[in-house]
Amino acid sequence: MRSFQLIDARSWKEAASLLKTHRGKAQVLAGGGDLLYMLKDGTQGPRLSLPQVVINLETIPQADFIRYQPGAGLQLGAMATLSELATSQVIKERYPVMAQAASQVASPQLRNMATLGGNLCQKPRCWYYRTSETVCLKKGGATCYAVEGDNRYYHAILEAGPCYMVHPSDMAVALMAAGGRVKIIGPEGERWVDLENFFVSPAQNLYRENILKEDEVVTEIEVPEAPEGTRSIFLKARLRKSWDFALASVAAVVTIRNGLCQACRLALGGVAPVPYRAAKVEQPLVGQRLEPGLVEKAIEALAKEAQPMSMNGWKVRLASNLVKRALLA
Amino acid sequence: MADEIKMPESVLAGPEGTRLKTWGPPEELAAVGKSIPKKGALEKVTGRAQYSFDVHLPRMLYGAILGSSQAHARIGDMDIRAAMALPGVKTVLTPADEPRLRWDAERFLLDTTARFAGQEIAAVAAEDETTAEEAVRLIKVRYDRLPVVIDPEDALKPGTVLLQPQGNLWKGQPEIYQRGNIEAGLAAADFTHEASYTTSVQHHATMEPHGCVAAWSGDELTLWDSTQGIHWVRDFMALRLRMPINKIRVISQYTGGGYGSKNGIKPFHIIAALLARKSGRPVKLFMSRADEFVASHHRPQTIQYLKAGVKNDGTLTALYSRIVGQAGPYQENAMWAGRAGDATRRLYHCPHVKTETYTVHTNSQSPIPCRGPGTAENLCALEQFMDELAEKAGMDPLAFRMKNYSQADQQKGLPYSSKGLAASYQKGAEAFRWEHPKPGSLRQGEKFRGVGMGSLLWAGNETEQSQAMVVLQADGTAQVVAGISNIGVGAETIFTQIAAEELGYPVEAVGVSYGDTHSHPYTINSSYGSRTTPISGPAVRNAAADAKRKLLALAASSLEAGPADLDIKEGKIFLRNNPAKAVPVREVTKRMGRELIIGTGRRPANPEGFKVDIFGAHFVEVEVDGGTGSVKLLRAVCVHDSGRWINPLTAESQIQGGFIQGAGMALTEERVMDKRLGIQLNRNLHEYGLPTVLDVPESVVAVDPRVRDVSNNINAKGLAEPPTVGAGGAIGNAIYNAIGVRIRDYPITPDKILAALEGQRR
Amino acid sequence: MSEKKIRVTRRQFLKGVSAGAVAGAVLSSDSFIGRPSQGQVPPVGEGQETRAITFRVNGSLYRLGVEPRRTLADVLRKELGLTGTKVACNRGECGACTVLINGVAVYACTTLAVRAAGKEIETVEGLAQGEKLHPVQEAFINQDAAQCGFCTPGFIMTLKGFLDKNRTATREEVKAALAGNLCRCGAYHHILDAALAARARL
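Protein chains in written order, with the working numbering: chain W, 4 to 332; chain C, 41 to 802; chain G, 725 to 926.
Same shape as in the complex, but just chain W (with noise of 0.2 Å):
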């Protein structure tokens, strides 16, 4: 691994200004995981460097909270760990699309150290991206590989291209279905962006994977207050039961009123470059009685959407139905 320089901050406002004074050379770290992965690969390129300065997020007091006001919803702060939002009990029981979320990120002893503001913040995980013989197009090269290579598992069917990489992150879908927002410090002050708008695709902008600037970082998430009547699940579909990334995932979260869906928020993960709003299969429920032919009715909208590459065309079968599965559980 390359020497760094590790800088505690103190605040999240001293983050942002180290991040302002080390201008493209510094990253933060949060629980570590991903940024190690990355300094130990060595995984660079022309548009990717590996950083010279490292701000600790770790010293931040009261950066790990978890509160929730009836009315006002959940707030969180960016460094509580998947392991809290997976075992708190107000999560679980009035966010089970995000404690059921927390629980299948990685594996037990990752989520004690993983982050939320890290698992949203997390650098892509294709395989043409990690490699070090590889630039491929997101790192300044020319090429995206996975097109012509192989993307049987980890690559997009939605909304891809020119980079066909799947956002790796499980809590940005489940935030995404339940209408979260996060917080954004940066040297000039903070701003509350809602989660649908922080991601960023590589059409938008190849070299970055959401809207922080140099400067920013994220600092907390708040996710608002579920009506009455509302259920939600996760569903993550991978290799093996632990540790894999999303081959796809779905959280739904669905409100009924006396039997009909009264609003239905559809995030999938592992399907495109950001966490992917299903809004075409929302729209002909709402209103609805939830049931089975409606449900494989509305699915259809997702297959007619899909653009898969040449191996995961399967994918589409596979997110159909974790869709379907979320909506009828």
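There may be inaccurate statements among the hints.
Footprint (simulated), chain W over chain C, 3 or more residues, beta carbon under 8 Å [what the hints assert, rightly or not]:
#	region
1	170–180
2	699–713
3	731–739
4	782–792
Distance windows between CB atoms, simulated [what the hints assert, rightly or not]:
#	chain 1	residue 1	chain 2	residue 2	range
5	G	R895	W	E228	32 to 40 Å
6	G	G854	C	L97	23 to 31 Å
7	C	D119	W	G27	22 to 30 Å
8	C	S75	W	R211	56 to 64 Å
9	C	Q484	W	R26	53 to 61 Å
10	C	T62	G	G854	41 to 49 Å
What the hints contain is simulated information worked out from the structure, not anything from laboratory work. Cβ coordinates follow ideal geometry from the N, Cα and C atoms, glycine included.
For chain W, the structure is supplied; the task is to place chains C and G on it using the hints.
This is chains C and G only, laid out in the frame that chain W set:
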């Protein structure tokens, strides 16, 4: 099994013309056949066990190897200035270093042509691991790229880049076996059936990486190595470095997994020794996890086409297989690519058999044995194929297999030293409560349940030399001295049981010492092929018999009897005709003062006129999720005719673990390679899917059919590999039974299952 | 409370707080001593400034200086000689390096050593009281739960951390807790048997 067995006399030959007793069933024995925890377990659970990975020497440097980033390229100039300039870097080795050392007849240790990605082209020694790794990255290499071929079928096409002068087909022609006349056999059939299967590369993925610590003292080299066999490492090092055997000492106390990949030496052994010599300091060189995948070899990828002729009553009349195995670019290890035919040739009775094996050179690292080499791949295909034939014949899979039971070995025309396959079927069917429902019939919503079974055959040992010692101490304890490595299967523990049984000592009074070529005899070259127990165990028994003979001679005077009138039981020496007259062993041995009794023993040859083979049957139940394509293993019953189970507890460990490795091969483990670039894409432990605790069946029940083999004096045939070779076929059959569509490409991953179900729906 | 002074390698030396002061201090994650100056970007590979850390490992207090890039696994193994903590993947993908930090199971290969400052670390070497084994260790021996044994310390630490807080865990819960540890020998069934046997004795 019958309690009466007839042991050939030659097998029972003891020391000095004596004759060993035939051991009875486990109930009659004191130490053998008992479940006892492994020696060394205390060290392992406390963290005190010193693996070679844990060895730390004063002034030790750390080595790292630069592997070619290209699958096929000429290596141009290397710029090592930046690497050398990195603080802490002591030594860099490149192909430009003189004198150039050959690895083998085909290539230099650090060659100027790389023929697979990961091939060693340079090395570094530095003050710490991170610096060594960084330094390797800082070596600038000019590659002149050459065309790449990865797929073995592509490699056989005309116009493809040639990796060997005669072409990409190893030896220029397929390897052909035949008996009878395949055409006549097919013509005699009522129906024929054919199918193609593929198996993928499986990695050994040992938890302790491959590596060693090399230290020179003058012209003597000591190597702490993570190995399956210290003696082979020593012998090969001596050969490559042209050194006398007594100047090389190989030490290995604990080895963190091998499964076939830690036999003999690899280039890194020599590189570590050279770095240590050049730097004048000890060098520790262990592979990174990524290098473990790309450079430490693997189980080969195979394509198996099978065709059979069958009578309506289920009798096999003909069996043909065309096997394509993926070899590396070199002659080295090519033989391991084309071994997926043994079970096809020998497992079932069939008069007309032909196998044609195409071993094909490609720009991939070469394969080496991986737990059950060849046969594990073979049985994935053959056992599914047998089920296909049974279904066509309208028979239960078990009944079909019994119909084609082979009583004798058909390749050598010899009777078996023992064969408990029928007993395995019977015991397995009972324990599993075997019933074979109609394929696809056990469905609840999107969940499909199914059961499957498969037979297994693993080639037993041939005669080999083995020598061991048993040392008796004055205080009434004993020590087995054996030149083996401790790879975790429990051979060292079994040796203490064998010695205790023969000596009449309590098993707690018998210790074991192993793992150092300077002080331990050549008990095994390396622990591979499920051979250590049947090859070395009999030598240990003979060494114990020799020690016992000497002890009884010493005891004779004090008991006023001839040595032949004495025996030992529960640590007491007694008169055979008057067991009440007995003295504790210690009373006799304490008279030895500071001397020891040293018993030596070697292994008698296998008896003439027998073939030794290992058998078994696996039964599996699965649940397939039709929505996600994932397979859940529910339960397994594994019956193993491995001859005598010396230690049922550790035997169960072997069976459960072996089954899980086979299940990994069947369901989640696979090398993903970019065929154009020739590089492996999943070279880490999250994308390469080793089974986790959540991926294994709730139960894997190990059943002993209680066979006592007659080919050696401990009645054991070997157990490590059979549980792996038996898993894939049974799992494949269970998946078919669940969903009603046959998936012939391993591993059986969700993409294949969803595609199969989709195809069925249409 | 014992104080151990350990060998300090070439780049690591801390002159600082007296043993008594450290031993008596209330340790918290804020107890970093000697922060590196900010703003200077070191050239790659250059001898790095070290950071002084104080932490407790298996009950003993240690003070040492470490380079920020060094992992806890590396420091435990090389500086403290605690080689029971194994490194098999070095990427948080196998669990062989599992240790407890303040009672929580983490991967030491993926934890920077500086982050252990002020914390309590437990490794496999700390479980036995003299020659008296921890129930999990004893159960591992009796159930033959260690085959090659290289993953064993990681499994044992995960179980120790889990069972300390979940004395009534079911087999399914134990399984879920062990989902971050790989055993290539496939000893999972005996490991689960050992876990349940140990749980009964805790």
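Against the structure, the hints:
no. : hint                        : verdict
1   : 170–180                     : holds (count 4)
2   : 699–713                     : holds (count 3)
3   : 731–739                     : holds (count 5)
4   : 782–792                     : holds (count 3)
5   : G:R895 x W:E228: 32 to 40 Å : 37 Å, holds
6   : G:G854 x C:L97: 23 to 31 Å  : 29 Å, holds
7   : C:D119 x W:G27: 22 to 30 Å  : 27 Å, holds
8   : C:S75 x W:R211: 56 to 64 Å  : 59 Å, holds
9   : C:Q484 x W:R26: 53 to 61 Å  : 58 Å, holds
10  : C:T62 x G:G854: 41 to 49 Å  : 46 Å, holds
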